[in-house]
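Q: Protein chains in written order, with UniProt numbering: chain D, 1 to 402; chain B, 1 to 341.
Note that these hints are calculated values from the structure, not bench results. Note that this is a predicted model, so its numbers are computed, not measured. Be careful, since some hints might not be right.
[Said to hold, decoys possible] Partial list, computed: chain D residues near chain B (C-beta under 10 Å):
1. 36
2. 40
3. 122
4. 165
5. 167
6. 169
7. 236
8. 237
9. 244
10. 246
11. 254
12. 341
13. 370
14. 375
15. 376
[To be verified] List time: in silico DMTMM-like cross-link candidates among lysine to aspartate or glutamate, alpha-carbon distance up to 25 Å:
16. 63/D x 89/D
17. 285/D x 228/B
18. 100/B x 144/B
19. 285/D x 264/B
20. 100/B x 28/B
21. 63/D x 144/B
22. 53/B x 28/B
23. 100/B x 85/B
24. 63/D x 395/D
For each residue, glycine too, the CB sits at the ideal point set by N, CA and C.
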Amino acid sequence: MKEITRVDPARNAELEALEPLPSHYVDTSPFDPGEAERLTPEQERYFQASQWRIIWWRFRRHKLALISAIVLVFFYLCVPFAEPIAPYDPNTRDSHFLYAPPQPIHLFHEGSFVGPFVYAMTSEVDLETLQWVYKADTSTPHRLRFLCLGEEYTFWGLVKSRFHLVCPPKGSTMFLLGTDRLGRDVLSGLVHGARISLTVGLVGVAISIILGMFFGGIAGYLGGIVDSLIMRLIEILRSLPELPLWMALSAALPVTWSPLWIYFGITIILGLLDWPGLARAVRSKLLSLREEDYARAAVLMGAPPGRIIRRHLLPGFSSHIIASATLSIPTMILGETALSFLNLGLQRPAISWGVLLNEAQNITVVTIYPWLMAPVIPIIIVVLAFNFLGDGLRDAADPYKS
Amino acid sequence: MLAYILRRIAGMIPTLFVISLLIFLIIELPPGDYLSNQISQLQAQGEAASVAKLEFLRREFALDRPFMERYGVWVGLWPGPNGFDGLLQGNWGWSFEYSKPVGEVVSGTLLLTVILNLATILFVYIVSFPIGIYSATRQYSWGDYGFTLLGYFGLAVPNFLLGLILLFLMNQWFGVSVGGLMAPRFIDEPMSFGKFLSIVSHLVVPTVVIGTAGTAAMIRRLRANLLDELHRQYVTTARAKGLSERRVVLKYPLRMALNPFIADIGNLIPSLVSGSVIVSVVLNLPTVGPILLSALQSQDQYLAGFILLFVAMLTLIGMLVSDLLLALLDPRIRLGKGAAA
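With the hints as extra help, turn the sequences into a complete structure.
A: Now the structure itself:
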């Protein structure tokens, strides 16, 4: 509300003598034609922000996706730091503890607080059922040691070290998730398995992105016969059931290869069948962006196709690609798990969650030693997290929508 | 309609050709072949007589010829040692591991594979249809949230793990083994009513296991489609005219939302077939899955190739059926683009 201009009485008479008091309201404040379009500081911040910044703001509102991202970061910490995090070497066999059940962590011993500790286990053979029977010796608590020196390992195959986050107490074992048929610690297996299981998806998706962008790019940009040929190929590839083909391809990997090569072979196989979906998305996005004015302007200024695709069109749909790539990571993780589970993928001494699950292939084993199914839990968590993250990214990917 | 069907079937021929070439390429990828591996093994042991026999077999199966010729012989487009005798002529190849024709090895499992996949598709549609409608018409209700959550888990838990967990739980709670497709006493028995019932009861668990992920995806799809339609103005008009809620939903929005629902079979079938292969291995079902696995491991190439081609055919036929259903349902597709303009 503007206040009516007050005029002081002394000048009033003067003015009245000059001209009659105007009968209508006059606003003497200077007139600014741009006033209606003036932005609040908040709006200004929004309009001047880069595309990625707006995506981040939109993404942040998606609480579930944000939590998933944090969970994933924790899981991915196992990739570089598997050795110090795992209490044991995943391939060390303890012949005294075959199929040992998980040892629970206790806090109170005979009513008094001791801090996290385990009871030592003793093993006996039950001669009637011919099974190992484990009894906890509850007389003495063995406290866990934190940030301690334990089993020796070579970090990244380079530096020898004995530092661990948690070590088994002296005089007892610490199989928090039990052991398998050769007495190998399941928990350490999980931590080390994360290394392969979690990176397989990333490398595979990278391959699939490269292939998808290439084929989708040339199909969308060149159009015509190339486009219809590639689209036909995509249709055919998408109509094939993935898993049997993955199985066939990984069965074709030479058995003489080292685990590292098998690993790369499998990621390539996973990426090889995944690109059609991505290529299709790239193509349709390219087709619509190609018609935009700024793309036409670049063409008229004589920019070569490669430059137009890279400089002008790619930024327009890179966020989409990241979102859909995130959604296809879980498929790849599950693919690797399935292949290793079926003995067609990686094998010991390489460890992935699928390799660990391989132990749980037999129903009798699963019934008697259910803790061998432990890898199921991180798999489900990671796949769910990637799905939520991908959903959040997809919603945030188009910042100028709505 | 007939012209549409014919056109659609004719379109499948080049696709099949490309797929068979692709599959042949894949099964030929491992260096050597089953017979030459055996030959080198026998030569190391110095058994000349067996080597000569295997050499004869190698010629017999045209394994000594160049790649494209071998492919032609396999499909039956090129004369092999016994003239035109390939897939097209009904000769599905020879299984080296079983020393039997591939047809004999897989004959009992093909029908069960088809039955299992059909049952799964039916399960997916029967379950996801009402739930999808419910979720869309009662958006943000407790039921909707519940199904959404369940759907996320359905998508996240890989089906072979679900199979494993169900095996474990069934054994733990009810003490029954759910493996196999029929009770052990019916195996190798002629089909009877009892056997049929046994198969049906054993189909339940694998169907649920394989179909869960697909069901979850379908519910999401139908819910989104129907929600889009329900926000259209014609729905408001229908409500304003006083139509019952039931009629408002069923008359047009559902029909419109059904289109992508049916068309989605194209995405659904490959994943279902994939699932049925691995779940069959876990649950020990007598389908082509376990045979494929062992064939791949022992490099029994014609057996593996035939099974791969069979599952690919299964998905192609499924897509054909979905296209035909779509045409039946939607006159715009049936009559072609010309009529719509």
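Q: Indicate, hint by hint, whether the structure satisfies it.
A: Hints, one by one, checked against the model:
At its closest, the beta carbon of residue 36/D sits 32 Å from a beta carbon of chain B; the interface hint therefore is violated under the 10 Å criterion. Against a cut-off of 10 Å between C-beta atoms, the interface hint on residue 40/D is violated, since the closest Cβ of chain B lies about 31 Å away. Contact between residue 122/D and chain B, as hinted, is not supported at the beta carbon level, the nearest pair being about 27 Å apart and thus beyond 10 Å. Annotation: residue 165/D was flagged as interfacial toward chain B, and the flag is violated, the nearest CB pair being 28 Å apart, outside 10 Å.
Hint status for residue 167/D relative to chain B: violated, with the closest Cβ pair at about 32 Å, above 10 Å. The criterion of a C-beta within 10 Å of any C-beta in chain B is not met by residue 169/D, whose closest approach is roughly 32 Å, and the hint is violated. Because the smallest distance between the Cβ of residue 236/D and any Cβ of chain B comes to about 6 Å, under 10 Å, the interface hint for this residue holds. Given hint, residue 237/D at the interface with chain B, holds; its Cβ is 9 Å from that chain's nearest Cβ, closer than 10 Å.
With 10 Å as the threshold, the beta carbon of residue 244/D comes within range of chain B, its nearest partner Cβ sitting at about 5 Å, so the hint holds. At about 9 Å, the closest approach between the beta carbon of residue 246/D and any beta carbon in chain B falls short of 10 Å, and the interface hint on this residue holds. Taken as an interface hint, residue 254/D checks out: its beta carbon lies about 7 Å from the nearest beta carbon of chain B, inside 10 Å. Hint status for residue 341/D relative to chain B: holds, with the closest Cβ pair at about 7 Å, below 10 Å.
The closest approach between the C-beta of residue 370/D and any C-beta of chain B is roughly 6 Å, which is under the 10 Å cut-off, so the hint is satisfied. Interface hint status for residue 375/D: upheld, as the beta-carbon distance to the closest one in chain B is roughly 9 Å, under 10 Å. Given hint, residue 376/D at the interface with chain B, holds; its Cβ is 5 Å from that chain's nearest Cβ, closer than 10 Å. With a CA separation close to 37 Å, the supplied pair residue 63/D and residue 89/D exceeds the 25 Å bound.
Restraint check: the Cα-Cα separation between residue 285/D and residue 228/B comes to about 22 Å, which is no more than 25 Å; the hinted pair holds. Note on residue 100/B and residue 144/B: the hinted pairing is violated, with a Cα-Cα distance of about 53 Å set against a maximum of 25 Å. Of the pairs offered as hints, the one joining residue 285/D and residue 264/B holds, with about 21 Å between alpha carbons and a cut-off of 25 Å not exceeded. Restraint check: the Cα-Cα separation between residue 100/B and residue 28/B comes to about 20 Å, which is no more than 25 Å; the hinted pair holds.
Distance check on the hinted pair: residue 63/D and residue 144/B sit about 19 Å apart at the alpha-carbon level, within 25 Å; holds. About 22 Å separates the Cα atoms of residue 53/B and residue 28/B, which keeps this hinted pair within 25 Å; it holds. As the CA atoms of residue 100/B and residue 85/B are separated by approximately 16 Å, the hinted pair is consistent with the 25 Å bound. Only pairs whose Cα atoms come within 25 Å are accepted, and residue 63/D paired with residue 395/D is accepted, the gap being roughly 12 Å.
Checked against the numbered hints listed earlier, the structure breaks hints 1, 2, 3, 4, 5, 6, 16, 18; every other hint is satisfied.
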